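Colleague: Fit chain A to the supplied structure of chain E, relying on the hints for placement.
As given, the protein sequences belong to chains E and A, one line each in that order.
Read in order, the letters of the first sequence correspond to residues 107 to 879 in the working numbering.
Read in order, the letters of the second sequence correspond to residues 165 to 377 in the working numbering.
In short, the hints are calculated from the structure, not lab data.
Computed from a predicted structure; not experimentally measured.
Using N, Cα and C, we set each Cβ at its ideal position, and we do this for glycine too.
Don't take each hint at face value.
[Claimed, not checked] 27 Å max Cα-Cα, derived DSSO-like pairs, lysine-lysine: (1) E/Lys684 x E/Lys699; (2) E/Lys132 x A/Lys303; (3) E/Lys592 x E/Lys610; (4) E/Lys118 x A/Lys308; (5) E/Lys179 x A/Lys303; (6) E/Lys179 x A/Lys308.
[As the list claims (entries may be wrong)] These stretches of chain E come out as covered by chain A in the derived footprint (C-beta under 8 Å, 3 or more residues): (7) 146–154; (8) 842–855; (9) 860–873.
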Amino acid sequence: MSSTTVSLSTYKSNRVGLCMDSLNLKQFSRTYAGNFSFNFITALSGTVDFQNKNYTDFYLTNSNTLDKFIEFKSERLKPKSIYSSLQFSKCTGGGNYLKFVKNIRPSFFKDDDNFVNLQFYGATGFSNNQNDSSNLFNIEFIDDFYCSVSYVDNNKRYYLVASDDPEEEGIIPVLFVRDNKLKEESRKIEYILTRAGSVQYLTFIVKKGSKKYILRKQDDVLVGRAIDKFENINYFYFNGTSAKIIFNQNTLISNPINTSFIEYTDTEYLANTNKSSFDIESNYLFYKNSSVGSGNFNLINLKNIADTADSFTSSNNLLSSNTDLVFNDNIRNYTSIFNDINAEEDASLELNFVTYNLSYKITPGSTSFTAPSSLNPFGRLNINDTKFVESGAFAFPYPYFADKVHKKLDNIPVTEGQYLCTWLSGMPGEAGIWVDRYYYPDLVSKATALGSKPIYNITYDDAIENLIESNTKLKTSVTEKLFFDKLSDLTFEPKKEYIYERVKNIKKVDEELQLKYCDLKNQERNAPNYYKTINTNGGYTLAFKFFSNDFSIKSHVNEIDAGFSIVKTGTILELQFKFFDNASTLYKTFTKKITLSELTNNDLYISFNNSTGLGTVYLNTIEVFTYNLLSFQFANKQILYGDISLTSKDFSGDILLSNISNNNAISDLFLSLQPVSTQDLIISIFTRSIKTIDDIYISLPCGMRNYTDNIDTLNTLGANLKSKSNVVDINIDNLNITDLNILNQVKDNLLAGIQKSLPATTVINKINFKNFK
Amino acid sequence: MNSYNISLATTSTSLTSNYDTIDLFDQTEVGVNLSNIFSDVFPYYVVIDWGDGSEVFEPEIKTFINYRTESIIDEIVKGVSPPFLNTTYKHIYDPSPDSLVKSLTLKVGIQYTTGEITQFIIPIDIRTEGYYENIRDIKLEDVKIINNVNLDTTLQLRTEIDNYIIETTNNTNADSFTSFVVNDVGENLEKIERDNGNVIVDNKDGTEVIIVE
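For reference, chain E alone in the conformation it holds in the complex:
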């Protein structure tokens, strides 16, 4: 028996690749004395764990951004079109980002120009920075020579072109022109795409007649400057007039390789940088098949930004030093790969991770949950120190609609006022503060304590309560003291039970609000002249949804031409609010004309309140118009002079009847015969546009906890079945035939014979003909 000791230097460490095209692993080699070298892969520095399972090598990396591990290997691709800012960075003067200017100055035109067509043109301008979409242009590379530069304004495309006007001192004006005013040929601009390092520049040249003009910044506008005016036309001249391609920070994430969490703005589909988190660190699972000396790496980005419920929330930054309130990385910390027993059939992989927060899924309605057995590093936690608000808790001026948290207590402490609930106080869409509501059960019902008026069925029935409720004098004297709020004392304690309440049925809220202000179904029968109730109460609210059908809604049915009218003709919505003051016998009229977008559902909400003298119009939850009268000007006077009628193609009559009969013009009617309180107005507008209430995930600190993540099917990852024991390669050494046709025949003959000699389950993978060395 003999043994050989092999020196480490006889082993070779090869450079390795990545399965993904256009990406490279960062790696470097070191040479050591003795002339041997090792290849060091950056991703495998500080590897958390390494396991071999199912003939695949798995490397669990440390937590880092992915650009630290991999890099692009090809950047020189020219796309068909790009969406970019153009920075004329080498020009002096204030601001060098090209900007589209819609309000073109008439002075730009000559006296004999047709000003009617002004809307088809836009001017050029420059701004200091790229804060909005007005300096984002679409550059389409038509071929290697021509491109077009366009800007989209309100779904209309404007192309950058040079004017046909004759040049003045070698200069021609440059402007934007609507696509329907241009032939396709006129949109073409010659371009030169240059590159310095990783930055690319575009030089634009236009041709007019036999002359060429280079586009460059002059003062505050872009102009075309005749090239022949200059003697030294060289590379530097072109370079000095070129525009740097800068992808807008609001449309492009900082590094496309890295993980980012992006929230978009509501209006412009730009990334909201204040609410987004870029370059988030993660652990990665690198893997490759474990056949000897070969194989490219592949990788899985692990979910370090997901909570224990596998959801992405903003709730978990409680224990982090990160100041980013919106989102947080390092929610999970992957620590190991479970692989206790090697087995060929085992096709799943488990990864262990450590987390410090426990998540709870809160569904609309009532959700009961138990706090973790430990809130380490805290003993207990006040609700105002949690991140429930960042997670999506809903605030409202009174508790009925706000998110509420109750603590289940064995012995309710006796206090002067009785603790009712903890609720998030604030306006919808704002952060809010968690407060405790206390009430006097002897004086007020639970329901009243939750809202300004009882909205749901009262279950608390008490003789004293009834007495107070029915005795107006007594009730008024204690109204101020019926309930009160204070900054919440609610704490989360280990193992204690809590109930989280969230408004469940948004449609029911809508219905309850309608019932609160007007029982539509019975209104027509009970009070035919309901406009009198409106006048008595000093205000009204009318809301409805409409689509494309034309209609007219009016309250003028009296010889006095006062009231309101809403007329839709095509895409034009005309509103008129006319008031007649019989004390001064003067009319006051407010009108508003709105152009609607075609083929969209609209929700109109109009209201008037005599006590404030304020009238408002909301279209699709946005306030589009307000008007003001003197407060109480119409006290004991008529606001409306008749009931509200609807006229459309298929209906004509009182608007209340339209609600119960067929009409294709309006739907979802809401009518209040009194001014709606500010809070109810907000909630009503909200509920009309929201169809469902989303689940939210809240979390509490829980000390250090271990969880596992599962990858179910390894085979699809590793694709390495050839290491299975029934798969064989056949090697034929030193045959030294190079003719492929002959080798093919040898292969066929060999296969025909050899199959019989092998076990039935054997799969032949490859036949290798090795040549002489």
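Modeller: What follows is chain A alone, placed relative to chain E:
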């Protein structure tokens, strides 16, 4: 990994400065600090050629700071200057893969609106450290051996310094041979299925050439 900071300072717009050679030891992150560069005249173009074959770096010329998203600390510490000068630009230099010393030149160029240019030329030597300094001790993580003539072996080793996992093999893969794939159960399987045919893998000089019949 080691780190090394170079701080550059000027008092005028036109200057060409040759530095003495800087010796770096093994893989090093070099930071170039430009905060003391003359900026009374606006420097509108900055370029850093790291000298190791990587992309020439041109920092974006920024003239304003958004204090909502960016720190004011640099300005407090280093004084007010154009924000792109107040950033330390970093680059990682790797040692030579096949010699013990790698020599290169770091060049920094700054062009002012007046057209004048400031240049810095900084020669750098990167020395590969010894086995003891950057590996020290090795732990065997995994070993795979194929029972063939060459006893093809792969070793997965973990270094004591920096916890690198290094894969080494004695399979030089230098044989020239022609392979016929009969039932590819590995990475070529998809290709066979897609092309519905016979795949010949021609392996020459360690490069696999796949020929589809």
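Colleague: Look at each hint and say if it fits the structure.
Modeller: Verification of the hints:
Taken as a hint, the E/Lys684 and E/Lys699 pair is honoured in the structure, with Cα atoms around 15 Å apart against an allowance of 27 Å. Distance hint between E/Lys132 and A/Lys303 is fulfilled; the C-alpha atoms sit about 23 Å from each other, no more than 27 Å. Our distance criterion of 27 Å between C-alpha atoms is met by E/Lys592 and E/Lys610, whose separation comes to about 26 Å. A threshold of 27 Å between alpha carbons decides the hint, and for E/Lys118 with A/Lys308 the separation of about 15 Å falls inside it, so the pair holds.
Restraint check: the Cα-Cα separation between E/Lys179 and A/Lys303 comes to about 33 Å, which exceeds 27 Å; the hinted pair is violated. The straight-line distance between the Cα atoms of E/Lys179 and A/Lys308 is roughly 31 Å, outside the 27 Å bound, and the hint therefore fails. Check on the segment 146–154 of chain E: 6 of its residues sit with their Cβ under 8 Å from a Cβ of chain A, so the three-residue criterion for coverage holds. Coverage of the segment 842–855 of chain E by chain A holds [criterion: at least 3 residues with CB-CB distance below 8 Å; count 5].
Check result for the segment 860–873 of chain E against chain A: holds, 5 residues qualifying (beta carbon to beta carbon below 8 Å, three or more required).
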